[in-house]
Amino acid sequence: SAVISQKPSRDICQRGTSLTIQCQVDSQVTMMFWYRQQPGQSLTLIATANQGSEATYESGFVIDKFPISRPNLTFSTLTVSNMSPEDSSIYLCSLLGDKYEQYFGPGTRLTVT
Amino acid sequence: AQSVAQPEDQVNVAEGNPLTVKCTYSVSGNPYLFWYVQYPNRGLQFLLKYITGDNLVKGSYGFEAEFNKSQTSFHLKKPSALVSDSALYFCAVKGNQGGKLIFGQGTELSVKP
Chain A
291 SAVISQKPSR DICQRGTSLT IQCQVDSQVT MMFWYRQQPG QSLTLIATAN
341 QGSEATYESG FVIDKFPISR PNLTFSTLTV SNMSPEDSSI YLCSLLGDKY
391 EQYFGPGTRL TVT
Chain B
9 AQSVAQPEDQ VNVAEGNPLT VKCTYSVSGN PYLFWYVQYP NRGLQFLLKY
59 ITGDNLVKGS YGFEAEFNKS QTSFHLKKPS ALVSDSALYF CAVKGNQGGK
109 LIFGQGTELS VKP
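Protein sequence lines, in the order shown, are assigned to chains A and B. The first sequence begins at 291 in our numbering and counts up by one. The second sequence begins at 9 in our numbering and counts up by one.
Chain A extracted, bound-state conformation (with noise of 0.2 Å):
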């Protein structure tokens, strides 16, 4: 399977920056996923990026809070702008597998003071 990085691994965040996220794949692949784990919480998808085309965001999710970038087959990257302490969470970035499966990333650790 494909290897996934994520940078940074863990931040903290003074509320009102924003901060950027990267995700690196191995491998060349056409679907990422952005995840949202709040503390305690299970995971919650915020948008989905193909190549090539705008972000496809889930309810209660928009592109001014959460921008993302795609610029190629291997990497993209997830904004958390303005930050408030409710945006303390882990993101994951994945990728579609072949046969449906999702693949994750270490994930990024936020806090947000």
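Keep in mind that the hints are not guaranteed to be accurate.
FRET-style restraints, in silico, Cβ to Cβ [unchecked claim]:
no., chain 1, residue 1, chain 2, residue 2, range
1, B, Pro26, A, Glu344, 44 to 52 Å
2, A, Ser291, B, Gln105, 23 to 31 Å
3, B, Tyr47, A, Cys303, 19 to 27 Å
4, B, Gln105, A, Ile302, 33 to 41 Å
5, A, Ile302, B, Ser118, 41 to 49 Å
6, A, Thr401, B, Ile59, 21 to 29 Å
7, B, Asn49, A, Gln312, 12 to 20 Å
Here are some chain B residues the structure puts well away from chain A; computed CB gaps all over 10 Å [unchecked claim]:
no., residue
8, Lys30
9, Gly51
10, Gln53
11, Asp62
12, Gly70
13, Ser88
14, Gly106
15, Gly107
16, Lys108
17, Gly114
The list that follows gives simulated cross-link-like pairs (lysine-lysine, BS3-like), each with its CA atoms no further than 25 Å apart [stated by the list, open to error]:
no., chain 1, residue 1, chain 2, residue 2
18, B, Lys66, A, Lys389
19, A, Lys389, B, Lys120
20, B, Lys120, B, Lys66
21, A, Lys389, B, Lys85
22, B, Lys77, A, Lys389
23, B, Lys30, B, Lys120
In short, the hints are calculated from the structure, not lab data. Just so you know, these numbers come straight off a predicted model, no measurement behind them. Ideal placement from N, C-alpha and C gives every residue a C-beta, glycine not left out.
Once you've looked at the hints, dock chain B against the given chain A.
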């Protein structure tokens, strides 16, 4: 709408005993079901999936899951638990659109020596 439920927040098992982590689903159409495991401070690891075929699915680390259409269940099982199996387990179902996954709330498995 597709959904999954994990009725137990926590499951405690003695090492060497069999374990079961429960999952029920609600879908329109044929279910595509998945189990993932999350170790502390790690991303999610894919364990197994049911798409079609045999109701008993075998996966990684000795885990298996039984698909039961009449009971709309997809319980995760292992004949003999290890202390190293202690982790957070998520059941998921493929959404109606695209490749998105919808996750259950997670079950904390604790295996004691």
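Can you tell me whether the CB distance of Tyr47 of chain B to Cys303 of chain A sits inside 19 to 27 Å? holds (25 Å)
Lys30 of chain B remote from chain A - nearest C-beta pair above 10 Å: holds (15 Å)
I want to verify a distance hint. Is the separation of the beta carbons of Ile302 of chain A and Ser118 of chain B within 41 to 49 Å? Distance hint for Ile302 of chain A, Ser118 of chain B is violated at roughly 30 Å.
When you look at the beta carbon of Asp62 of chain B, is every beta carbon of chain A farther off than 10 Å? Given a closest Cβ separation of 15 Å, the condition holds.
Holds or violated: Lys66 of chain B and Lys389 of chain A, Cα atoms, limit 25 Å. Measuring from Cα to Cα gives roughly 15 Å; hence the hint holds.
Taking the Cβ atom of Thr401 of chain A and the Cβ atom of Ile59 of chain B, is their distance within the range 21 to 29 Å? violated (38 Å)
25 Å limit on alpha-carbon distance, applied to hinted pair Lys77 of chain B and Lys389 of chain A: holds (21 Å)
Once the closest CB in chain A is found, is it more than 10 Å from Ser88 of chain B? Check passes; 25 Å lies beyond 10 Å.
Does 23 to 31 Å hold as the CB distance between Ser291 of chain A and Gln105 of chain B, or does it fail? holds (24 Å)
Non-interface label on Gly114 of chain B, tested against every C-beta of chain A at 10 Å: Its Cβ does come within 10 Å of chain A, the nearest being 5 Å, so this is violated.
With respect to the beta-carbon atoms only, verify the hint that Gln105 of chain B and Ile302 of chain A lie 33 to 41 Å apart. With Cβ atoms ~36 Å apart, the hint holds.
Mind checking the alpha carbons of Lys30 of chain B and Lys120 of chain B for me, to see if they're no more than 25 Å apart? holds (19 Å)
In this structure, the earlier hints numbered 5, 6, 9, 10, 14, 15, 16, 17, 19 are contradicted, and the remaining ones agree with it.
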